[in-house]
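Enquirer: Keeping their order, the protein sequence lines are chains A and B.
Sequential numbering of the first sequence, starting at 1, is according to my numbering.
Sequential numbering of the second sequence, starting at 1, is according to my numbering.
Hints listed in this document are in silico derivations from the structure and should not be mistaken for laboratory results.
There could be a bad hint or two in this list.
Said to hold, decoys possible - Label pairs and their calculated CB-CB ranges:
#, chain 1, residue 1, chain 2, residue 2, range
1, A, Pro-55, B, Leu-325, 18 to 24 Å
2, B, Ser-54, A, Phe-23, 55 to 61 Å
3, B, Phe-157, A, Val-87, 56 to 62 Å
4, A, Pro-41, B, Leu-72, 52 to 58 Å
5, B, Leu-88, A, Gly-84, 49 to 55 Å
6, A, Gly-108, B, Leu-6, 40 to 46 Å
7, A, Asp-184, B, Phe-328, 52 to 58 Å
8, A, Val-87, B, Gly-11, 34 to 40 Å
9, A, Phe-23, B, Leu-69, 50 to 56 Å
What the hints assert, rightly or not - One side only, chain B facing chain A, incomplete, derived with CB under 7 Å:
#, residue
10, Ile-128
11, Leu-131
12, Phe-146
13, Leu-184
14, Tyr-326
15, Gly-327
16, Phe-328
Stated by the list, open to error - Take a look, some chain B residues computed to stay more than 10 Å from chain A by CB distance:
#, residue
17, Gln-49
18, Ile-51
19, Pro-143
20, Ser-270
21, Leu-296
Think of the CB as a built atom: it goes at the ideal place given N, C-alpha and C, for glycine as much as any other residue.
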Amino acid sequence: MNAATLRHVRYVATQNPVTLAAFLMFSVLVLLALAGPWIAPYDPLASDTANALNPPSVRNWFGTDALGRDILSRIMVAARLDFGIAVSAVAVSFAIGATLGSLAGFFGGWADRIIARIADTIMAFPLFVLAMGIVAALGNTVANIVLATAIINLPFYIRVSRAEVNVRRNAGYVEAARLAGNSDLRVLALHVFPNVLPPMMVQISLNMGWAILNAAGLSFIGLGVRPPQAEWGIMVAEGATYIISGEWWVALFPGAVLMLAVFTFNLLGDGLRDVMDPRMRT
Amino acid sequence: MIGLVLKRLAGALPNVIGVVIVTFLLTRALPGDPAAYFAGPSATTEAIQQIRASLGLDKSLAQQFALYLRDLAKGDLGNSLSTGQPVLTEIRQRLPASLELTLCGLVLALSVAVPLGILAATRPGSWIDHLCRLLATAGVSLPTFFTGLLLAYVFYFLLGVAPSPLGRIDVAFSPPPAVTGLYLVDSLLARDAALFRATAGQLALPAATLGLFVMAPLMRMTRASMLGVLSSEFIRTARASGLPRMKVLYAYAFRNALLPVVTTLGMVFSFLLGSNVLVEKVFAWPGIGSYVIEALVASDYAPVQGFVLTMALLYVALNLAIDVLYGFIDPRVGIEG
């Protein structure tokens, strides 16, 4: 990371205190995802039926669940899985979507029409419903959760990159690069694409929160992650039965952390967008 | 106007075709051998062959697609393995419950989001504006299943003001005679005020859960488009001509600001139909969402595919309706094409 990038990061953070707070929360979440298993106070899978459904206490800060497992430890360990799903889904989506969208926007013609049609077809489904259908059809595994989340995010990347490449394809510097003898693909990859990255980064940040929400939603209804593995969505599902009888902590803490994670990404995305493109501020 | 509607219909056709192709491909992508799956674990090789032939799985993909289209045209979505009922019948029975919930959620969201958005737009930079912005971001960050549980805990367990969050209707009541399938409307038609109140009570929490989730995009869009319109020249002229503030705001500005809000309704419906499934699970709501979750748990694929297809077609139809509505609100759309 060079000095200019650092300066830019500082500028983004200090422009808006909310963005700074979001960035700090983001760092905590990343730390949890990286080091969760080592800093968790208890084994997330060790059940202790003598201490089942204990309310929050000094020993178990977030209480224990129906099998006596420490909820705080489970939340910390689950961060890696939830983040892993979201990051890989967004990465797959970005790689495929940006490639297809850039090609469509740069070359136009029949490839453009086919790619736009693919994006439209995906968008013709209520997206969460499509994700459910994909996981149900391909098999109930974590890899398929990632794939389904990637597919439903695809249209957003295709559309953003297509539009952004399209407005730049006849810009002066592109003409200059062409005249200098660069091939079309080289112009697209080295001259146009780097300029498209900033709006794509905003999209990535906004999508991350949504990807976490989708993955947690899918495991809440019993797709993908299997018990006893710790995952925020499944932990809320396990706590759901106890909430009506008053054992609120089983569902509340994982749900609150999930919400906080999504909130962080949304704030971060908004902050990035404000800095990159003040006109888009809503 | 009829020309416009027809044009929109033709525009929606590729989407319908795309949806049908994708659902067909999802059917064929079943894990393992569908014939062996449908035959059950103890089936002989001949039995599997027979089922493969009866399902048309021994034919080419194009032929299978033709068969699939023929079944669809007849309204045959297959049978549910766990109940043995045709999927179409079961979906039709359960759809009104889901529709009632979704529509109430939308109405709730609109009735909160639009006034708040206008309020924020008329006072940009004020604390109301900042509060709205925070609320909007928090709203899209809430996992619907979690909000639902939270509301149930607070209003049922702690405060005791909401009825038990299980199902569409309290056990003390019997459902109203079915006319539309929407209990709110049916209980009104039956002139049963107590039943109407009970139904509304059951509906309040799940509808609020859905509404909270989609409130955010609606509020943001209302605010943004109101801000845009309020700074335009015709508003300045209207103000300079001394028209009353309310008249400028609602008769002139709001009507023009409505267009982008109507456009976002498409995205909002996508959210609504998706999170509907989660909310139905939380509140044991007997709609098609809980139906599909039961089927998923039992690895019963025909209902899942029927559900995906129904939801997608419903969504295409809703988008079509939004397009047509757009034409009514903004007459310019029809002229320009």
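Enquirer: Evaluate each hint against the coordinates.
Expert: Okay, the hints, checked on the actual structure:
no. : hint                              : result
1   : A:Pro-55 / B:Leu-325: 18 to 24 Å  : 51 Å, violated
2   : B:Ser-54 / A:Phe-23: 55 to 61 Å   : 60 Å, holds
3   : B:Phe-157 / A:Val-87: 56 to 62 Å  : 36 Å, violated
4   : A:Pro-41 / B:Leu-72: 52 to 58 Å   : 55 Å, holds
5   : B:Leu-88 / A:Gly-84: 49 to 55 Å   : 39 Å, violated
6   : A:Gly-108 / B:Leu-6: 40 to 46 Å   : 29 Å, violated
7   : A:Asp-184 / B:Phe-328: 52 to 58 Å : 45 Å, violated
8   : A:Val-87 / B:Gly-11: 34 to 40 Å   : 37 Å, holds
9   : A:Phe-23 / B:Leu-69: 50 to 56 Å   : 52 Å, holds
10  : Ile-128                           : 15 Å, violated
11  : Leu-131                           : 13 Å, violated
12  : Phe-146                           : 4 Å, holds
13  : Leu-184                           : 23 Å, violated
14  : Tyr-326                           : 17 Å, violated
15  : Gly-327                           : 20 Å, violated
16  : Phe-328                           : 23 Å, violated
17  : Gln-49                            : 23 Å, holds
18  : Ile-51                            : 19 Å, holds
19  : Pro-143                           : 6 Å, violated
20  : Ser-270                           : 5 Å, violated
21  : Leu-296                           : 6 Å, violated
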